[in-house]
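Novice: Protein sequence lines correspond, in order, to chains A and B.
Using this note's numbering, read the first sequence as starting at 1 and increasing by one per residue.
Using this note's numbering, read the second sequence as starting at 179 and increasing by one per residue.
Bear in mind the hints are in silico, worked out from the structure with no lab data behind them.
Values in this document were obtained by computation on a predicted structure and should not be read as measured data.
Note that beta-carbon positions come from the ideal geometry of N, C-alpha and C, so glycine has one too.
One should not assume that every hint holds.
Stretch-level coverage of chain A by chain B, calculated; a stretch enters the list once three of its residues show a Cβ under 8 Å from a Cβ in chain B [said to hold, decoys possible]:
#1 13–27
#2 38–45
#3 114–121
#4 125–137
Pairs of lysine-lysine residues, derived as DSSO-like cross-links and limited to a Cα-Cα distance of at most 27 Å, are as follows [what the hints assert, rightly or not]:
#5 K156(A) - K331(B)
#6 K145(A) - K108(A)
#7 K233(B) - K169(A)
#8 K324(B) - K164(A)
#9 K160(A) - K146(A)
#10 K300(B) - K255(B)
#11 K233(B) - K42(A)
#12 K72(A) - K331(B)
#13 K69(A) - K331(B)
#14 K324(B) - K272(B)
#15 K234(B) - K158(A)
#16 K324(B) - K238(B)
#17 K90(A) - K233(B)
#18 K156(A) - K233(B)
#19 K233(B) - K164(A)
#20 K160(A) - K90(A)
#21 K234(B) - K160(A)
#22 K90(A) - K169(A)
#23 K319(B) - K69(A)
#24 K300(B) - K72(A)
#25 K238(B) - K156(A)
#26 K233(B) - K146(A)
#27 K160(A) - K324(B)
#28 K233(B) - K158(A)
#29 K233(B) - K160(A)
#30 K169(A) - K319(B)
#31 K331(B) - K233(B)
#32 K42(A) - K169(A)
#33 K164(A) - K145(A)
#34 K234(B) - K150(A)
#35 K300(B) - K69(A)
#36 K234(B) - K300(B)
#37 K160(A) - K108(A)
#38 K272(B) - K261(B)
#39 K300(B) - K169(A)
#40 K331(B) - K42(A)
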Amino acid sequence: MARSKRSTPEINAGSMADIAFLLLIFFLVTTTMDVDTGIARKLPVLDDTQEPEDMQGNARNIYEVYVNKRDKLLVEDLEIEIDDLREGAKSFINNRGVNPESSDSPDKAIISLINSRGTSYEMYISVQNELTAAYNELRNEESIKKYSVKYSELPKSKQKEIRKIYPMKISEAPPGEF
Amino acid sequence: MSKFKKNNKGGTPPISTASLPDIVFMLLFFFMVTTVMRETEMLVENQLPQATEVKKLERKSLVSYIYVGAPRGNNRKTKYGTKSKIQLNDAYAKVADIQSFIIAERESRAEEEIPLLTTSIKADIDVKMGIVSDIKQELRKAQAYKINYSTRKEQD
Numbered sequence: 001m002a003r004s005k006r007s008t009p010e011i012n013a014g015s016m017a018d019i020a021f022l023l024l025i026f027f028l029v030t031t032t033m034d035v036d037t038g039i040a041r042k043l044p045v046l047d048d049t050q051e052p053e054d055m056q057g058n059a060r061n062i063y064e065v066y067v068n069k070r071d072k073l074l075v076e077d078l079e080i081e082i083d084d085l086r087e088g089a090k091s092f093i094n095n096r097g098v099n100p101e102s103s104d105s106p107d108k109a110i111i112s113l114i115n116s117r118g119t120s121y122e123m124y125i126s127v128q129n130e131l132t133a134a135y136n137e138l139r140n141e142e143s144i145k146k147y148s149v150k151y152s153e154l155p156k157s158k159q160k161e162i163r164k165i166y167p168m169k170i171s172e173a174p175p176g177e178f
Numbered sequence: 179m180s181k182f183k184k185n186n187k188g189g190t191p192p193i194s195t196a197s198l199p200d201i202v203f204m205l206l207f208f209f210m211v212t213t214v215m216r217e218t219e220m221l222v223e224n225q226l227p228q229a230t231e232v233k234k235l236e237r238k239s240l241v242s243y244i245y246v247g248a249p250r251g252n253n254r255k256t257k258y259g260t261k262s263k264i265q266l267n268d269a270y271a272k273v274a275d276i277q278s279f280i281i282a283e284r285e286s287r288a289e290e291e292i293p294l295l296t297t298s299i300k301a302d303i304d305v306k307m308g309i310v311s312d313i314k315q316e317l318r319k320a321q322a323y324k325i326n327y328s329t330r331k332e333q334d
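Isolated chain B, as found in the complex (with noise of 0.2 Å):
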């Protein structure tokens, strides 16, 4: 008679299916802390133009993004017309807005991180150059030098 005693019946054993729960929830906060949602609602109408030269943007919080286009939707085109605007976070801006919004952006960034901000311009299709030629001027009035055309990957 043996003090422990051996109870194999044969067969495999179950699986536990007990961790599967946390197994789960790792992957649910990978996914959570990894999700951006869209924090700006758009405000104008934004078809990227295609390009097949393009660099990816890194360091994603390193960058500004200025929206340009006409209104979007019915609604806002009988409001503020079909004419390209300018947005900058969730509002409509004027050109002269631009240098202000950049000093904000510098303002809350670390100061070593000041000279790597991007300004990522988003701009429609059917935007016309002398809207971009004029936030172009302001950024260099701004040295905001450091820009970045987006554009969607051309599929081929």
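So here's chain A without its partners, still in its complex pose (with noise of 0.2 Å):
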């Protein structure tokens, strides 16, 4: 009879806190929240057929780039810094018939990027970077003009729009030994 009147004594739950903090402590330096970044690129789709007449009787539309195997870089025959690449590019984009070596129209420009299979892939990485970078100072310019506003802050329909003026076409061909 005695037994059941002993009551269970209760358990202390002021270190309940302590514990719990411990563990919040923990996955609070446990936790990156370190978001992936990188260039977005889309593959062309594997197709022999449709290739060479893109590339035919509009020499002036191509902007050749070739990178070699000790990251070289050879720009429309000519050898450059990559510091250079960027307003090289942008002058090509927007040349609109005005330089007879030049492009035609934004649309109508093909950056042709061709590397050795010996080129770094940082080297890679960043004339990617400067020719997308060349990109995209064009749509912003446009953007101020037209909207005075970034290209970054228009509405996804607008920015389609600029997109289709400065539409970003690099040809890749397939590495080479140089």
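With the hints as a guide, bring the two chains together.
Specialist: In structure tokens, the structure reads:
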């Protein structure tokens, strides 16, 4: 009889907060809210039949960028530095028929990027980065001229409109050995 | 004599801390849920190149990763050499394995999500373009056209 009368002692919950804090701090420290960033690209469809017709007859609309295995750049038959690539690409795309060597109009301009198998990935990414930057800057300028807002702040439909004026056409040939 | 005794003795009553554990637990659960532990062990060196014109990779559940780089650590270097290798999931792979990897990734997703799948190429800065081009060619064969060259954002 005496047994049932004995009540169980209450567990002291005072240290619960401490335990929870300890766990909280652990997860706070281990959490990495890193966002993956990168350069987005779309690979062309594997189809050998349509390749040649694009490239023929309009040499002025093609901006040739070669990167060799020593990470040197050859752009339109001139050796240039990576820092000059952005400006070069911009003036080529935005030529609008002025210079007979450069493109007729931005939507006809094609950038042909050819790299060697020995090109370093770092160099390849910086070339891709500069070419993307050239397009982004042109789109941004157009957006400020037309709507006086930055391209990134435009609504989706208007961004599409500007993308139509400056479509990014980067063609990549299979890499060679040079 | 009133039935309801008012016991104002003056002074502010102490704030009850009884709900403190609940608040802390709530925070705890938030961080537990958002924490992503690295699910793959890195077998290759992976120092990403820097770029400025980057885009965020959204919907992480729809991204499959291909790691490229030299074997990581001295033990692996003596065992596998210093040439760049491809890592898929938790193991080294050959270029020819990429197609089946992409197919396996597709099968684990719902059908309506398949067109949204992105392949993120995480290549080390010292990797040569030859192997990256081979990977791209395989991805084209597997019809995984959306790719992302993973980079670090440049600090300036």
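Novice: Indicate, hint by hint, whether the structure satisfies it.
Specialist: Here's how the hints hold up against the structure:
1. Three residues within the 8 Å Cβ limit are the bar, and the stretch 13–27 of chain A against chain B gives 8, so the coverage statement holds.
2. Residue count for the stretch 38–45 of chain A with a Cβ under 8 Å from a Cβ of chain B: 8. That meets the three needed, and the coverage hint holds.
3. With a cut-off of 8 Å between beta carbons, the stretch 114–121 of chain A has 7 residues touching chain B; three or more are needed, and the interface restraint holds.
4. With 7 residues having a beta carbon nearer than 8 Å to a beta carbon of chain B, the stretch 125–137 of chain A meets the requirement of three or more and the stated coverage holds.
5. A hinted pair counts as satisfied when its Cα atoms are at most 27 Å apart, and K156(A) with K331(B) qualifies at roughly 24 Å.
6. Distance hint between K145(A) and K108(A) is fulfilled; the C-alpha atoms sit about 21 Å from each other, no more than 27 Å.
7. Under the criterion of a C-alpha separation no larger than 27 Å, the hint pairing K233(B) with K169(A) is consistent with the structure, at around 18 Å.
8. Taken as a hint, the K324(B) and K164(A) pair is honoured in the structure, with Cα atoms around 20 Å apart against an allowance of 27 Å.
9. Note on K160(A) and K146(A): the hinted pairing holds, with a Cα-Cα distance of about 14 Å set against a maximum of 27 Å.
10. Using a Cα cut-off of 27 Å, the hinted pair K300(B) and K255(B) holds, with the two alpha carbons roughly 19 Å apart.
11. Distance restraint check for K233(B) and K42(A): the Cα-Cα separation of roughly 13 Å lies within the 27 Å cut-off, and the hinted pair is therefore satisfied.
12. For the suggested pair K72(A) and K331(B), the alpha carbons sit about 24 Å apart, so the restraint of at most 27 Å is met.
13. Straight-line distance between C-alpha atoms of K69(A) and K331(B) comes to about 25 Å, which keeps the hinted pair within the 27 Å bound.
14. For the suggested pair K324(B) and K272(B), the alpha carbons sit about 21 Å apart, so the restraint of at most 27 Å is met.
15. Taking the CA atoms of K234(B) and K158(A), the gap is near 20 Å; set against the 27 Å cutoff, the hint holds.
16. The suggested pairing of K324(B) with K238(B) holds, with an alpha-carbon distance near 14 Å, which does not exceed 27 Å.
17. Distance restraint check for K90(A) and K233(B): the Cα-Cα separation of roughly 21 Å lies within the 27 Å cut-off, and the hinted pair is therefore satisfied.
18. Distance hint between K156(A) and K233(B) is fulfilled; the C-alpha atoms sit about 15 Å from each other, no more than 27 Å.
19. Using a Cα cut-off of 27 Å, the hinted pair K233(B) and K164(A) holds, with the two alpha carbons roughly 19 Å apart.
20. The suggested pairing of K160(A) with K90(A) holds, with an alpha-carbon distance near 20 Å, which does not exceed 27 Å.
21. With a C-alpha separation of about 19 Å, the suggested pair K234(B) and K160(A) falls inside the 27 Å cut-off, and the hint holds.
22. A C-alpha spacing of about 13 Å is found between K90(A) and K169(A), which places the hinted pair at or below 27 Å, so the restraint holds.
23. Taking the CA atoms of K319(B) and K69(A), the gap is about 26 Å. The hint holds against a cut of 27 Å.
24. Proximity of K300(B) to K72(A) is assessed by CA-CA distance (about 23 Å); at most 27 Å being required, the pair is judged to hold.
25. The straight-line distance between the Cα atoms of K238(B) and K156(A) is roughly 22 Å, inside the 27 Å bound, and the hint therefore holds.
26. As the CA atoms of K233(B) and K146(A) are separated by approximately 24 Å, the hinted pair is consistent with the 27 Å bound.
27. With a C-alpha separation of about 19 Å, the suggested pairing of K160(A) with K324(B) holds against the 27 Å cut-off.
28. Between the alpha carbons of K233(B) and K158(A) the distance comes to roughly 19 Å, so the proposed pair stays at or under 27 Å and holds.
29. Of the pairs offered as hints, the one joining K233(B) and K160(A) holds, with about 17 Å between alpha carbons and a cut-off of 27 Å not exceeded.
30. Of the pairs offered as hints, the one joining K169(A) and K319(B) holds, with about 21 Å between alpha carbons and a cut-off of 27 Å not exceeded.
31. The hinted pair formed by K331(B) and K233(B) meets the criterion: a straight-line CA distance of about 10 Å does not exceed 27 Å.
32. Between K42(A) and K169(A) the CA atoms are separated by roughly 11 Å; this keeps the pair inside 27 Å, and the hint holds.
33. Pair hint K164(A) plus K145(A) holds up; C-alpha atoms about 16 Å apart against a cutoff of 27 Å.
34. Only pairs whose Cα atoms come within 27 Å are accepted, and K234(B) paired with K150(A) is accepted, the gap being roughly 18 Å.
35. Between the alpha carbons of K300(B) and K69(A) the distance comes to roughly 21 Å, so the proposed pair stays at or under 27 Å and holds.
36. Of the pairs offered as hints, the one joining K234(B) and K300(B) holds, with about 14 Å between alpha carbons and a cut-off of 27 Å not exceeded.
37. As the CA atoms of K160(A) and K108(A) are separated by approximately 17 Å, the hinted pair is consistent with the 27 Å bound.
38. Taken as a hint, the K272(B) and K261(B) pair is honoured in the structure, with Cα atoms around 13 Å apart against an allowance of 27 Å.
39. Restraint check: the Cα-Cα separation between K300(B) and K169(A) comes to about 23 Å, which is no more than 27 Å; the hinted pair holds.
40. At roughly 21 Å between alpha-carbon atoms, K331(B) and K42(A) fall within 27 Å of each other, so this suggested pair holds.
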